[in-house]
Structures are given as structure tokens and as C-alpha cells.
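Go by the hints and put chain Y onto chain V.
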Amino acid sequence: MDGDGERKGEFDGKAAAELVGELRQSFWNGKTRSYDWRTDQLRSLARMLVEKEKDIIDALHEDLGKPEMESFIHEISLAKDGCARTLKELKSWMKPQKVSTSITTFPSSAEIVSEPLGVVLVISAWNYPFLLSLEPVVGAIAAGNAVVLKPSEIAPATSSLLKRLLPGYVDSSSIRVVEGGVPETTALLDQKWDKIIYTGNSKVGRIVMAAAAKHLTPVVLELGGKCPVVVDSKVDLDVATKRIAVGKWGCNNGQACISPDYIITEREFAPKLIEAMKSTLEIFYGKDPMASKDLSRIVNSNHFKRISKLLDSDKVSEKIVHGGQRDEQALKISPTLLLDVPQDSLIMTEEIFGPLLPIITVDDIHQSFDIINSRPKPLAAYLFTKDKKLEEKFVRGVSAGGMSINETVLHITNPGLPFGGVGESGMGAYHGKFSFDTFSHKKAKSRLLKALVNGDIIGIILALIGWPRA
Amino acid sequence: MAAALDESLAELRETFRSRKTRSAQWRRSQLKALLRFVQEDEEEICRVLEEDLGKPGGESFRDELGVLTKSLNLALDNLERWMAPKSVRVPLMAFPTTAELVPEPLGLVLIFSSWNFPMLLALDPLVGAIAAGNTVVLKPSEHAPSTSSFIAKKIPMYLDSAAVKVFEGGEEVGELLMSKKWDHVFFTGSQKVGSYIMAAAAKNLTPVTLELGGKCPAILDSLSSKRDRDIAVRRITNAKWGVCGGQVCIGVDYLLVEEKSVSALIELIKEKIKGYYGDDPQRTGSMSRIVNKYHFNRLRRLLEEPGVATSIVHGGFMDESNLYIEPTILLNPPLESEIMKEEIFGPLLPIITVKKIEDSIDFVNSRPKPLAAYAFTNDSALKKRIVSETSSGSLTFNDAIVQFLVDTLPFGGVGQSGFGRYHGKFSFDTFSHEKAVLRRNFLLEFSFGFPPWDSHKIETLRSAYNYDYLNLVLRLLGLK
Numbered sequence: 134m135d136g137d138g139e140r141k142g143e144f145d146g147k148a149a150a151e152l153v154g155e156l157r158q159s160f161w162n163g164k165t166r167s168y169d170w171r172t173d174q175l176r177s178l179a180r181m182l183v184e185k186e187k188d189i190i191d192a193l194h195e196d197l198g199k200p201e202m203e204s205f206i207h208e209i210s211l212a213k214d215g216c217a218r219t220l221k222e223l224k225s226w227m228k229p230q231k232v233s234t235s236i237t238t239f240p241s242s243a244e245i246v247s248e249p250l251g252v253v254l255v256i257s258a259w260n261y262p263f264l265l266s267l268e269p270v271v272g273a274i275a276a277g278n279a280v281v282l283k284p285s286e287i288a289p290a291t292s293s294l295l296k297r298l299l300p301g302y303v304d305s306s307s308i309r310v311v312e313g314g315v316p317e318t319t320a321l322l323d324q325k326w327d328k329i330i331y332t333g334n335s336k337v338g339r340i341v342m343a344a345a346a347k348h349l350t351p352v353v354l355e356l357g358g359k360c361p362v363v364v365d366s367k368v369d370l371d372v373a374t375k376r377i378a379v380g381k382w383g384c385n386n387g388q389a390c391i392s393p394d395y396i397i398t399e400r401e402f403a404p405k406l407i408e409a410m411k412s413t414l415e416i417f418y419g420k421d422p423m424a425s426k427d428l429s430r431i432v433n434s435n436h437f438k439r440i441s442k443l444l445d446s447d448k449v450s451e452k453i454v455h456g457g458q459r460d461e462q463a464l465k466i467s468p469t470l471l472l473d474v475p476q477d478s479l480i481m482t483e484e485i486f487g488p489l490l491p492i493i494t495v496d497d498i499h500q501s502f503d504i505i506n507s508r509p510k511p512l513a514a515y516l517f518t519k520d521k522k523l524e525e526k527f528v529r530g531v532s533a534g535g536m537s538i539n540e541t542v543l544h545i546t547n548p549g550l551p552f553g554g555v556g557e558s559g560m561g562a563y564h565g566k567f568s569f570d571t572f573s574h575k576k577a578k579s580r581l582l583k584a585l586v587n588g589d590i591i592g593i594i595l596a597l598i599g600w601p602r603a
Numbered sequence: 039m040a041a042a043l044d045e046s047l048a049e050l051r052e053t054f055r056s057r058k059t060r061s062a063q064w065r066r067s068q069l070k071a072l073l074r075f076v077q078e079d080e081e082e083i084c085r086v087l088e089e090d091l092g093k094p095g096g097e098s099f100r101d102e103l104g105v106l107t108k109s110l111n112l113a114l115d116n117l118e119r120w121m122a123p124k125s126v127r128v129p130l131m132a133f134p135t136t137a138e139l140v141p142e143p144l145g146l147v148l149i150f151s152s153w154n155f156p157m158l159l160a161l162d163p164l165v166g167a168i169a170a171g172n173t174v175v176l177k178p179s180e181h182a183p184s185t186s187s188f189i190a191k192k193i194p195m196y197l198d199s200a201a202v203k204v205f206e207g208g209e210e211v212g213e214l215l216m217s218k219k220w221d222h223v224f225f226t227g228s229q230k231v232g233s234y235i236m237a238a239a240a241k242n243l244t245p246v247t248l249e250l251g252g253k254c255p256a257i258l259d260s261l262s263s264k265r266d267r268d269i270a271v272r273r274i275t276n277a278k279w280g281v282c283g284g285q286v287c288i289g290v291d292y293l294l295v296e297e298k299s300v301s302a303l304i305e306l307i308k309e310k311i312k313g314y315y316g317d318d319p320q321r322t323g324s325m326s327r328i329v330n331k332y333h334f335n336r337l338r339r340l341l342e343e344p345g346v347a348t349s350i351v352h353g354g355f356m357d358e359s360n361l362y363i364e365p366t367i368l369l370n371p372p373l374e375s376e377i378m379k380e381e382i383f384g385p386l387l388p389i390i391t392v393k394k395i396e397d398s399i400d401f402v403n404s405r406p407k408p409l410a411a412y413a414f415t416n417d418s419a420l421k422k423r424i425v426s427e428t429s430s431g432s433l434t435f436n437d438a439i440v441q442f443l444v445d446t447l448p449f450g451g452v453g454q455s456g457f458g459r460y461h462g463k464f465s466f467d468t469f470s471h472e473k474a475v476l477r478r479n480f481l482l483e484f485s486f487g488f489p490p491w492d493s494h495k496i497e498t499l500r501s502a503y504n505y506d507y508l509n510l511v512l513r514l515l516g517l518k
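Protein sequence lines correspond, in order, to chains V and Y.
The letter at position 74 of the first sequence is residue 207 when you use the numbering used here, and the numbering goes up by one with no holes.
The letter at position 163 of the second sequence is residue 201 when you use the numbering used here, and the numbering goes up by one with no holes.
Worth flagging that the hints you see were computed from the coordinates, not collected in a lab.
Take the hints with a grain of salt, since some may be wrong.
No more than 20 Å apart at the CA atoms, straight line, and that leaves these computed lysine-lysine pairs for PhoX-like [unchecked claim]:
hint	chain 1	residue 1	chain 2	residue 2
1	Y	Lys495	V	Lys213
2	Y	Lys495	V	Lys187
3	V	Lys575	Y	Lys463
4	V	Lys228	Y	Lys422
5	Y	Lys124	V	Lys521
6	Y	Lys394	Y	Lys298
7	V	Lys426	V	Lys411
8	V	Lys231	Y	Lys422
9	Y	Lys241	V	Lys336
10	Y	Lys124	V	Lys566
11	V	Lys231	Y	Lys421
12	V	Lys575	Y	Lys421
13	V	Lys526	Y	Lys58
14	Y	Lys218	V	Lys336
15	V	Lys336	Y	Lys219
For each label pair, taking beta carbons as the anchor points, the in silico distance ranges come out as [to be verified]:
hint	chain 1	residue 1	chain 2	residue 2	range
16	V	Tyr168	Y	His352	42 to 50 Å
17	V	Lys187	Y	Leu515	28 to 36 Å
18	Y	Thr136	V	Asp323	39 to 47 Å
19	V	Asp323	Y	Glu358	37 to 45 Å
20	Y	Lys70	V	Asp323	47 to 55 Å
21	Y	Pro372	V	Glu184	52 to 60 Å
22	Y	Leu508	V	Asp447	54 to 62 Å
23	V	Glu401	Y	Leu130	34 to 42 Å
Everything numeric in this text was worked out from a predicted model, so none of it was measured.
All residues carry an ideal CB built from backbone N, CA and C; glycine is no exception.
The following block holds chain V by itself, in its conformation from the complex (with noise of 0.2 Å):
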């Protein structure tokens, strides 16, 4: 039985106490408290993703498919500027906040203390396995805590390449990786946490926070929702259609949580956006983009299935005005433009995480905020538009976990831009500072200094007021 009591298939509630009674104990010699613990962690990841940058694209490759560049931008860099970034921060992260006292606790000095929460546990995702792994797991180690972090199953390579690079780099006494599917994803749930960061589907989101509730853990839920993408017809298509692509099918072939779900746009306008969008894909992707070595292919044969039933109801094949190739050995589907699919068909109620885009079409832009807003809050909704004034409407009028006007995605890149859902696309935010903020306590810290009269101050204010004191 090797140190984490974990053999494959055996890691059951039994060495899920273990684990966590383990992690707590070292948390509780104080070990991860230090700023040069957590430097000298973060300091060691930085390293990993240099060193290991090969073995990490191919990891991602061998699972997803997913373009070397992809790897590279997506998973490889944002975890390397997480890691930089805090490094830099870190010091001015942990001081204590002075805040202002007034008359009624006079004389006293107040200040908000951050301190760590404990032991974290942190479950990831299969579509940015790396990064989805990698960043929430700095947030924890910034903010002092002791972490497990349980990788997707469904990226076996990644999963196990985590596994195995992770004890070479940082501290095994504060931070583990567990690996496994359900069995032992509710083993570890059912253990008492200081906190829990799940990023995954709303259905499972729910058991997280069931079985969090148990133990009064608090939780972030990273899900997801279908982003819409309003189109307006004042914007310049060449690079609009560009961005929406990047947004879509540059981002793991649509199976990202914040990629493009669905386009609405006006009647009119919509031949102009598809022909737009045709060429976009044809200079990104060429003539067979089937055969492109720059699109990840579909994660298994599971979600292959899942997605060609979207393509599948009679009320919707029909509807394709561009792609709708498929491969199921190879799990390849082309990327696929729909016009106006029934608005209650499953490809329009479910989040598609995948290379279909739908186009809704209305006679006035300003009722695309309408449809968006009838349906559960999505983690992110996008617009393109020269129009200052519906920019504002969109802002105002929208809501959403986060938002980018004539750009897809990249707000969640943005350091000082928390990043997180609302409503049914979730709870809590992350990135940056709001990683060290989601994953520690901010102690509300006064020292009253004695009192200048004999007495309490409370007393005197009454008395001074003609208050009856009992």
C-alpha cells in the first residue's frame, strides 16, 4: 500500500479519511503558512510547465486531440502566467487590509486578515484537464492551504501524467493527487473539506454541493450554460467571424464551457454572417477540415453520440447550412453551421460543447436579449456591435457570469477579472486574486483599545442620548 492508500479501484472512503486526516495533520504543523512554502510550491510548478512542456501537449494531444497551439495558448501559458502573476502578488495578497472604524467603537483599530481555509479539494475537468487542474491548484497553495486535487477521468493521459509529475515538484506532505471516476470522487466527497472547487456540469454540481452541505464545506461551482453570441449588423464581419471562430472551434472544437454556444442575429443580416463565417472557416480550417491537424477531435465516443443525437431530430439536420460531417472512428465532426433549428429542439435547450453553431435569426436585434434572458444564466454571453447604445443595453440588460463585447473567451484571461458563473452556470469566482480571495477566510480582526472613561463607550453614548439603562 503505497503512501496515499491508493491502489487502483481501492481508494475507498477508508483511505479518503486517511487521506484528508493526513492532510490535516500537515496543515495543522503550520507547514503551508509561510510565504516561502507557498513560493518555493509556485516556484516549482513554474518550473514544471518549462520542463515539461512536451510531455504536457502531448498529454492533451493523446486525449483531446488538441492542436499543439491550443495546448500551448490555452493550458500551457494561462497556467504560467497564473503562476508568475501570484509570485509577484503574493506578498501584497497576504498583508492585512486596514479598514476604517467609526465613533461607536472608539478608540479601536480593525483590519481584515486573510488566513487559509485548511485542506482544499479541488476536481477538475476533461476539456482543460491541465489548466483546469493546474490553476485552482495555485489559488489553494497561494492562500496557504493544503490541497487534493482529483483530475478527470475522462483524460486518462492527462490525468496520470499530473499524478506522476506532481510529487517530483511540490510538496507531498500538503498536496496530492488522487485519480479515479465516481467511486472515488464520492469517497473524497464525503470527507470533511474546508473548501471545494468543482468545475464540471451542472447535474453533478448539485451532488457536490449536496454532499458539501453535510459538512457545511462552502463551494465553487465552475459549470457551464449555453453562451450566446448576439450579432448585430453593424460590425466588421471579416473580423468578427474571426473571433467568433477562435471563441468556437479554436477552443478545444467548441467543448469549452465559455465557447460560443449559439449566434442570434437579424433575419437580414444572416446570409451576409454565414457566407462570413463559411470563408473564416475555410482560411482557419481548409476545404476538409476533416482532415485539419488544427481541430481537436471529439473527446469520446460518448459525447460523439451525444452530439450527433443534437444533429439528429428530423426538425434539425435539415437545418444545416454548412458542415455536418462525421467520423465516428475517428471522433470527428466538422464544424457545422444550423439555421434557425426549432428553439425547443434538444440542440437549443442543452449546452452543445461541441462543433455545431447554431443561428438564430429576429426580426430586431434588441429581441435576441429576450431569448437569452427566458433561459438559465449562462457562464459567459458575447457581442458583436459598433452600436455604443446596444452595447449598453447588452450590458445592462443581460446576465451572465461574465461577458465580452466584439471578442469571444478572452475575459477570462483578463488577471484582474474574476471569472465564474451565475444561476445555473454557478457559484463563486476564481483567476488572479480572486483565486487567493475564493480560497481563504478573511478575518475580521478589531482590537479596542481600553475605553478613556471608566466604563463602557455603548453605556455613555445612552446615557448622553437620555436612553434608559435598564
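Below, chain Y without anything else, positioned relative to chain V:
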């Protein structure tokens, strides 16, 4: 009830959809109305609090009305500032891009109040919810029935009934409410119910704030000056018995002192009790009573446990018909007894002695994280240790309870004492979604960000991601 609830919820959602609650004017008008309510009906409010808890007028003002007034004035003074989007810095690499955080209301929120500060714990979260632009259902505690029906009667007279509604009732009403979908649920109460609330909320992925409790310890170090000792003991006495008779989540639950100081301490506490509440506190009516029979019996059971009863060094008198328990001090009750495991929430003060005051740190850490921790000391080394080695919702030196008045400090728990926070701007934030917004235009476009991929593009991107502007420019100009 179920049909009435569904109709009300539909109305509230429609009100939210109409965007009426978004305007600063609407929010301001509601907050002003609440302020009028608190000020005009002061007498009535004190009367119902007296009915429900025997709460003396001074406490009602100090702990509920005064605090609400302060809270409302703060929200009114800061509303537009809180509502304004916040600009966020964008790296030069991303030029021309702007980014900001836009606060927006969540939608329809549910607030569960508790019985010990039945006005405050209903209305204070309400201030935050309204300031943030939400529609609200308020569920006052059924264990403070006079206050509950008072709130239910008055709120529609002051606030916009299409946006704020009150639902009274007990467990079944609570369950019915939790079966619905909310955009946030704010709960103040016990850990057991908190856990149930979170599990119910999980079904709809409803975010929750849980303001729970715990055993808030007070560490009393030896203080060299007699005056300091005197003040410390006054404050501890007030924090135990002078705030809703000890039925307060941030009250002093138990005391930790060094063995050698304990007898003098007990005498001093007795003296302060007499000073504040007289020889016969029941007669002077200067303390809140126990809220109801259930809690009275619960407290009685705590005292009657063998080993605990014998540790009583002062007090112990109980009058069931008047729901009165005398201020009671216990010395070293068994650590395994219920009184040392459960949150007391009553007028019983166990004093636990330690050999050295530093030992109290391990004692506190061996128990669930409390909502508040207190330490009376002038020793900076001890203070430092307590700050870094213990964890609690809040930590206060040399006083107790008053920290909740500082609205620049977040009020909330950690671990078993809860999660989420409020007061001041934290209330506004709790009931808001902070939406990340990134804006670009069509001005510049770099082709190296798009497929088809080649090694030149990779290297250009590498420069970009390393913020290596020089190399980036060289590559873009084709010079590299």
C-alpha cells in the same frame, strides 16, 4: 399557502423582470421607507421585542434599532458608489481593451431571520438585498411570534409589496420555501438547519450565505493593572448576560483563564453581575429572558448533567414559568459534558482553567471554528500567536460583541460557524453578481492568434505571453 406562494413568487419575478428594482431611485425610496419604519415605530418595535424576549429597551435600541439605523444610513450614503462599475486594469498587450466589474442584482432572494435579534436579523440582510436591487421574500422566525407578525403587518405598509413580501410560519413553511428556486438564500440560525438549507439549495444550485454559530471562546490573560482587569471583566459580563441574556451568536460562550487567577476572577464577575443587574436580576428586569420553553429545558438539561451541576459556583436558580435562569457561573465542568460541546446560547458561563494562558490556544483549536473569538490581553506575543494560530469568523482583542458594529469589517463565519458574510458593503456584494465585462473594438487584429498554425505564429505568441514586447514587435514587423 402553496398556491399563494407561487402567485407571490411569480409577481416578484415579474417585478424583477420589469427592471423596476434596478434604479437607484427605487432602491433609495425603499431604504428611506425602511428607515422611517425603524424610526417611527420605535416604541412598537421595543414592545414586541419585549414580548418575545423580555428584551430591555436599552438592548433593543443598542442591538437592533440603532444598528439598523446605522446600516440604512450607510447604504443610503453609499448606494450609487456601490452600484457603480469598477474599472479593471488591462495589460498593455491587450490594447485596445477595457475591462470592468459591473455589479448586478441576483434576482429573487430569500432571507431567513433568527429569533434572538428578530428585527435586526430580518431587516439588516434586507437592507443589503434591496440596495443590491433584488426582490425579496422575508421569513421571520416563528420563535419570536410578536415580532414576526409585526414585521408581516408593517412591511407592506412601508415597502413596495410587488418587490418585498413576508411569509410567516414554522418548519413546514421553511420547507415549502426551500422547495422553490431562488437566486440567493440568506440564512441565520443553527448549524443543523443550515446544513439542511444548503442541501435543499443544492437541488437548484442556489448560492447560500450561512450565518451560524459556535462556541465563542474568551481568553482572559492576566492583566497587571487593576483598572484593565475591571474593564475586561465588565465587558465579558456584558457580553455574556447583557446581550439577549447570552442568546447571541457572538456572545462569550466560555472563558479560559490561568488557574492561579480564577478565584479572584469569579468574585469580580459576581460583583459586575450585581452592578449591572442588581441583587435579583429577575426583579430588576434588566436581562432578556429565555425565549421559550424548549430552550429553557435545553439549558436546564445542560446544567443538570452530573459533574456539571457540581461545578456551579454562582447562580443556578431557574424559574420555569417566567423562563428565567439566573446568571450562572461554572468552574471547570467536565470537557465531555454537553455544556462544553454544544453552543450554550444562554446565561451560563463555564470557566475553564489552564496552567499557562498559551495553552488556551490549543484548547480553542481542538474545537470547531467559532463565529467569534475574544482575547483580553496586553501581551503582543500572545496576540500574534492568537491571530496566526487560531481561526474564527472574527477575532477581537479587549472587548466583545462590539466588533459587529464596525461595518467596514465583514461579518460571517468559517468552518462550522458558516460561510459568506455581510454588513456594510459586504451586504451589497453578497446580494450582487459581480459581472466581468471586457470590451474591444474592431480596430486592430493580429493574425498570429488564428489557425492555420505554424512555428512562426507559435514563437510570436510565445513572445506575447512572456510580455516580451520587443521580440513581439520584431516578429510582427517580420524582422525576426
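Quick check: which numbered hints come out false for this structure? Those not satisfied: there are none.
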